[in-house]
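Take a look at the letters that make up each chain.
Number of protein chains: 2
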Amino acid sequence: MSAVALAEEDEVRVRFSALRQKQFVLMDKFSELKARLLELTHLSSSTALLHWDLETYMPKRGAAARARSLSSLAAVIHDKFTSPEFEKLITELKSNLDKGLLGEAEACVVREIWRDFSREKKLPREFIEELSLTTAEAHHIWAEARRKSDFSVFRPKLEKIIELKRKEAELVGYKNSPYNALIDVYEKDATAEEVSILFEELKNFLVPFLKKIESSKKNIDTEILKGDYDIGKQRELSREIAEKIGFDFEKGRFDESTHPFTSGFNPEDVRITTRFDKRDVFPAISSTIHEAGHALYEQGLKVKHFGTPLGESRSLGIHESQSGLWENLVGKSLPFWKYWYPRLGEFFPEHFSKISLGDFYKAINVVRPSLIRTEADEVTYGLHVLLRFEIEKDLIEGSIEVGDLPEIWNQKTEELLGIKVPDDARGVLQDVHWSGGSFGYFPTYTIGNLYAAQFYSAAKSQILDLEEEIAGGQFGHLLEWLRKNIHIHGKLYSQDELVTRATGEKLSSKYFIDYITKKYGEIYGLKT
Amino acid sequence: MSAVALAEEDEVRVRFSALRQKQFVLMDKFSELKARLLELTHLSSSTALLHWDLETYMPKRGAAARARSLSSLAAVIHDKFTSPEFEKLITELKSNLDKGLLGEAEACVVREIWRDFSREKKLPREFIEELSLTTAEAHHIWAEARRKSDFSVFRPKLEKIIELKRKEAELVGYKNSPYNALIDVYEKDATAEEVSILFEELKNFLVPFLKKIESSKKNIDTEILKGDYDIGKQRELSREIAEKIGFDFEKGRFDESTHPFTSGFNPEDVRITTRFDKRDVFPAISSTIHEAGHALYEQGLKVKHFGTPLGESRSLGIHESQSGLWENLVGKSLPFWKYWYPRLGEFFPEHFSKISLGDFYKAINVVRPSLIRTEADEVTYGLHVLLRFEIEKDLIEGSIEVGDLPEIWNQKTEELLGIKVPDDARGVLQDVHWSGGSFGYFPTYTIGNLYAAQFYSAAKSQILDLEEEIAGGQFGHLLEWLRKNIHIHGKLYSQDELVTRATGEKLSSKYFIDYITKKYGEIYGLKT
Chain R
14 MSAVALAEED EVRVRFSALR QKQFVLMDKF SELKARLLEL THLSSSTALL
64 HWDLETYMPK RGAAARARSL SSLAAVIHDK FTSPEFEKLI TELKSNLDKG
114 LLGEAEACVV REIWRDFSRE KKLPREFIEE LSLTTAEAHH IWAEARRKSD
164 FSVFRPKLEK IIELKRKEAE LVGYKNSPYN ALIDVYEKDA TAEEVSILFE
214 ELKNFLVPFL KKIESSKKNI DTEILKGDYD IGKQRELSRE IAEKIGFDFE
264 KGRFDESTHP FTSGFNPEDV RITTRFDKRD VFPAISSTIH EAGHALYEQG
314 LKVKHFGTPL GESRSLGIHE SQSGLWENLV GKSLPFWKYW YPRLGEFFPE
364 HFSKISLGDF YKAINVVRPS LIRTEADEVT YGLHVLLRFE IEKDLIEGSI
414 EVGDLPEIWN QKTEELLGIK VPDDARGVLQ DVHWSGGSFG YFPTYTIGNL
464 YAAQFYSAAK SQILDLEEEI AGGQFGHLLE WLRKNIHIHG KLYSQDELVT
514 RATGEKLSSK YFIDYITKKY GEIYGLKT
Chain P
14 MSAVALAEED EVRVRFSALR QKQFVLMDKF SELKARLLEL THLSSSTALL
64 HWDLETYMPK RGAAARARSL SSLAAVIHDK FTSPEFEKLI TELKSNLDKG
114 LLGEAEACVV REIWRDFSRE KKLPREFIEE LSLTTAEAHH IWAEARRKSD
164 FSVFRPKLEK IIELKRKEAE LVGYKNSPYN ALIDVYEKDA TAEEVSILFE
214 ELKNFLVPFL KKIESSKKNI DTEILKGDYD IGKQRELSRE IAEKIGFDFE
264 KGRFDESTHP FTSGFNPEDV RITTRFDKRD VFPAISSTIH EAGHALYEQG
314 LKVKHFGTPL GESRSLGIHE SQSGLWENLV GKSLPFWKYW YPRLGEFFPE
364 HFSKISLGDF YKAINVVRPS LIRTEADEVT YGLHVLLRFE IEKDLIEGSI
414 EVGDLPEIWN QKTEELLGIK VPDDARGVLQ DVHWSGGSFG YFPTYTIGNL
464 YAAQFYSAAK SQILDLEEEI AGGQFGHLLE WLRKNIHIHG KLYSQDELVT
514 RATGEKLSSK YFIDYITKKY GEIYGLKT
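Here the protein sequences line up with chains R and P, keeping their order.
Position in the first sequence (first residue = 1) + 13 = the working numbering.
Position in the second sequence (first residue = 1) + 13 = the working numbering.
Calculated from the structure, these hints are not laboratory results.
Quantities reported herein were computed from a predicted structural model and do not represent experimental measurements.
A portion of the hints provided could be inaccurate.
If chains are identical, the list can't say which one is meant, so a pair holds when it fits in one copy or spans any two.
Claimed, not checked - As a list, the in silico DSSO-like pairs of lysine-lysine whose alpha-carbon atoms are at most 27 Å apart:
| id | residue 1 | residue 2 |
| --- | --- | --- |
| 1 | Lys433 | Lys291 |
| 2 | Lys73 | Lys317 |
| 3 | Lys375 | Lys216 |
| 4 | Lys540 | Lys134 |
| 5 | Lys107 | Lys134 |
| 6 | Lys433 | Lys473 |
| 7 | Lys315 | Lys73 |
| 8 | Lys225 | Lys523 |
| 9 | Lys47 | Lys93 |
| 10 | Lys257 | Lys73 |
| 11 | Lys173 | Lys188 |
| 12 | Lys93 | Lys134 |
| 13 | Lys257 | Lys315 |
| 14 | Lys246 | Lys291 |
| 15 | Lys532 | Lys519 |
| 16 | Lys93 | Lys345 |
| 17 | Lys73 | Lys47 |
| 18 | Lys73 | Lys497 |
| 19 | Lys135 | Lys257 |
If we strip away everything but chain R, and leave its shape as in the complex, we get:
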């Protein structure tokens, strides 16, 4: 080999080694980021346990100290996340991301964290404290207003909250509507414009469809569900159903709380709760399946990615799609109850031996416009959400005044659901969200239902005899499909990418509309 060739080879070596050197430095930085995120996630998991305990087992008088423990932990997390060292690290990695130097997985981590970090940095500590103080007070005042059924009690606080949320939007920045800066917290990349289009399609379908149902004059007897159901047996059956659809009790728990919820500390410790009603067994079953749906998502996240966005659920909308899919598309379907109705009869023979599966199926699927969102059926639920979305968007954009809320609420309820609101408690004051400053949260419920229908439709087309499987008490293939197409990806893909990979197209209202049309067309004997 000539001297020149040798020198050239040396040069290549040097260049190669410089590149490798750079890559090692980058890998080191990325490892440091992962270690810091893991620590933050463990601290957040600890916070989540404090919350879970607060809702389930904490003694009455423990509340005051618990609130302080929670705020101490929140301050630790905030300080670590916005520390100069963390800022330096994430800023450096972000510049490497922008240069295209990161692989797909690393890019996802840095992109997601950078987004959260930038948002957090834009909000001054005093602003966060003011908001947190205001909403903490507002919670009590809202509860009092609801008890008194008097919106005027809540009005000044709500005005203050909206002022702060508009300020938040200004601080964070947005395109088009300030509402976009808020919905982004719950459903990244979602915009008021896109949501409006989907919701408009839904409204144009649901309002006339509901009228059709009402004019069908079909009378569904829901009184048949009423009874006296032993709580112990309800618990046992709910547990059995959760286990059968795939909830892993070695990696989770099942408890009771006033408001059912799911808390995933990590994929190997995911806890659901439900509530029991002595007079009706269905609410406990239904809410168990709903929470189990959330929990299956959390248990399906990859343990090895725990601590990074790759090991986190994609968005609230996707999360609600998982609970909604199991609760409604599976748990309120005829195939599901073909399997479970005999079992229900074994638990409560004195009650269900007199009732046919068909009558039971219709009773649990009755469509009836009602005042309370959380008690609404599949058809009217979307209208409740639509109403809230329109109002909160207008509030944040400043096109309506807080003082006019009760009137607007009642008017829209009549327009969409055809019923009169008798008082504020069952009207504008029914939900906790706004008192906590959660604007932009409501749409995720409906977005979730749309995703659910689209996912289920895809799963049905890909799994041979899915409904026969369900009717046979087999849920493994469906869960596997959800795991493979949704759960294991964490935040690797955006919602758009995720749904396109799983179903072949972006989110569309059509699957939900088709599902509702078919199911309720059959139940109510509508002409199609």
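Given chain R's structure and the hints, the job is docking chain P onto it.
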């Protein structure tokens, strides 16, 4: 007034104001310390909840992540406690303490925190990590050795632990024996010399007293306790007893765990656990009373002092005195069972209707030398502790070798208890403490029993008809006495001051000896 007088007055004012200025600065510093301590305590409470959950409700697979969450929290607490800002603050306050500028309460806070802080500062991070890693591994190895009943499996790890604990003593510093640096963690100010004197007195009494009992040839039938006791009923009764002696369920919980324990997150959230044995109801009752005794102490600490040493239990010895007093001096006494035995009979009529109170009382107080410390009676318990104290002191002082432990253990057991140890599992490997690096912990059990007898004797002399009250199911005056004399003081006084204020003299073995002599003299019909 003359010009001179006016000038003098001005000077006084100036001096006074300079003093006040100084005092304000000092008060500010002290407030900052309290705020930092409160935050640290809330973080420690969060850690305690993670531990509680781990022992009670955590699903099986949650263990791995939980360990990481716990270590993340521990690191946060350590970093905050040893931060340069914290060091500056506590050092400044310590110099004011040394100058005598602090009031009694402030002085207590600064003195106690300074002590903990100095100890923590003397231990390098690498040392703490090595110790924590070694003991974490040692725990599994000890468990394996115990399962195999083979000390040689555990030996190398124990040697390593003792090497580290001796190093710890060197780093921390000590007078006379390195053991003093270790016992100090559990029982501040206690020394091996003092403990040795007390334990020697005890040994000189217990060994011949046990021989007397054995030669009394009195046969107590403990088989009468055996039965088939419904766990639900055991739970109900245990709960009732805990409540009756003063455990406040609005400020606490009662659950089940493999090893009973008490966890006080704050005075308004104190949780106890117990375990149930289907064949015998007494262990559950007894361990409930023991834990309730700990819990009454925790619930009796002042809420307003939460976060500072003024709101913390004095020492492990004092803590054990509270559990021991309720478990033994109250819960194994005849007056106590005069009240509770009829109630026990209502819960388990098929069992206890055939047995007299006298026979029951004797059965639960049987004295029988046995191999396992945690199953020992009041008379032999002290001998189990004595044996461990002598051995661990010699180990740390280097006068015996780890390799000789089984032989020494077995020899001492025969000497003190008169029984042969059949295997390591029921001998030197029975306790978890050493595998966790807890040297100096064992003596606090006996110190607690001595305090308990001394406190109870004082309470009896100060409360008119205490035993009649107990026989009537009234525990309020006793609890009030404990609250007033012990609980509310937190760490304000040293153990010596505390016991002297409450009982008129320093800790003495005489009350325990008198108590045992009288009680067991009666049960075994011994001549006095």
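Hints and how they fare:
1. Neither within a single protomer nor between protomers do Lys433 and Lys291 lie at most 27 Å apart by alpha-carbon distance, with minima of 29 Å and 59 Å respectively.
2. Taking the shortest alpha-carbon separations for Lys73 and Lys317, only the inter-copy value of 18 Å comes in at or below 27 Å, while the best intra-copy value is 38 Å.
3. In this homomeric assembly, Lys375 and Lys216 come within 27 Å of each other (Cα to Cα) only inside a single copy, at 24 Å, whereas the closest approach across copies is 79 Å.
4. Taking identical chains as interchangeable, the C-alpha atoms of Lys540 and Lys134 are never at most 27 Å apart, the minima being 56 Å within one chain and 80 Å between chains.
5. In this homomeric assembly, Lys107 and Lys134 come within 27 Å of each other (Cα to Cα) only inside a single copy, at 15 Å, whereas the closest approach across copies is 38 Å.
6. For the homomeric pair Lys433 and Lys473, neither the shortest alpha-carbon distance inside one copy (40 Å) nor that between copies (71 Å) is at most 27 Å.
7. For the identical chains of this complex, Lys315 and Lys73 are inter-copy neighbours only, at 18 Å across copies versus 36 Å inside a copy, given an alpha-carbon limit of 27 Å.
8. Only within a single protomer do Lys225 and Lys523 lie at most 27 Å apart by alpha-carbon distance; the minimum there is 19 Å, versus 90 Å between protomers.
9. With identical chains, the CA atoms of Lys47 and Lys93 are at most 27 Å apart both within one copy (14 Å) and between copies (22 Å).
10. For a Cα distance limit of 27 Å, the shortest separation of Lys257 from Lys73 across copies, 19 Å, qualifies, whereas the shortest one inside one copy, 34 Å, does not.
11. With identical chains, the CA atoms of Lys173 and Lys188 are at most 27 Å apart within one copy only, with a shortest distance of 23 Å there and 63 Å across copies.
12. Within a single copy, Lys93 and Lys134 get their C-alpha atoms as close as 12 Å, and across copies as close as 23 Å, so both meet the 27 Å cut-off.
13. When the C-alpha separation of Lys257 and Lys315 is checked against a cutoff of 27 Å, the pair qualifies only within one copy, where the shortest distance is 21 Å, while the shortest distance between copies is 49 Å.
14. Proximity of Lys246 and Lys291 under a CA criterion of 27 Å is satisfied in both settings, with 11 Å inside one chain copy and 24 Å between copies.
15. Taking CA atoms no more than 27 Å apart as the test, Lys532 paired with Lys519 passes inside one copy only; the shortest distance there is 23 Å, against 82 Å between copies.
16. For the identical chains of this complex, Lys93 and Lys345 are neighbours neither inside a copy (45 Å) nor across copies (52 Å), given an alpha-carbon limit of 27 Å.
17. In the homo-oligomer, the alpha carbons of Lys73 and Lys47 lie at most 27 Å apart only across protomers (26 Å), although the nearest pairing inside one protomer, at 38 Å, exceeds that limit.
18. Taking the shortest Cα distances, Lys73 and Lys497 sit within 27 Å of each other only across copies (25 Å), while inside one copy they are farther apart (43 Å).
19. Taking the shortest Cα distances, Lys135 and Lys257 never come within 27 Å of each other, neither inside one copy (46 Å) nor across copies (55 Å).
Hints 1, 4, 6, 16, 19 from the earlier list are contradicted by this structure; the remaining hints agree with it.
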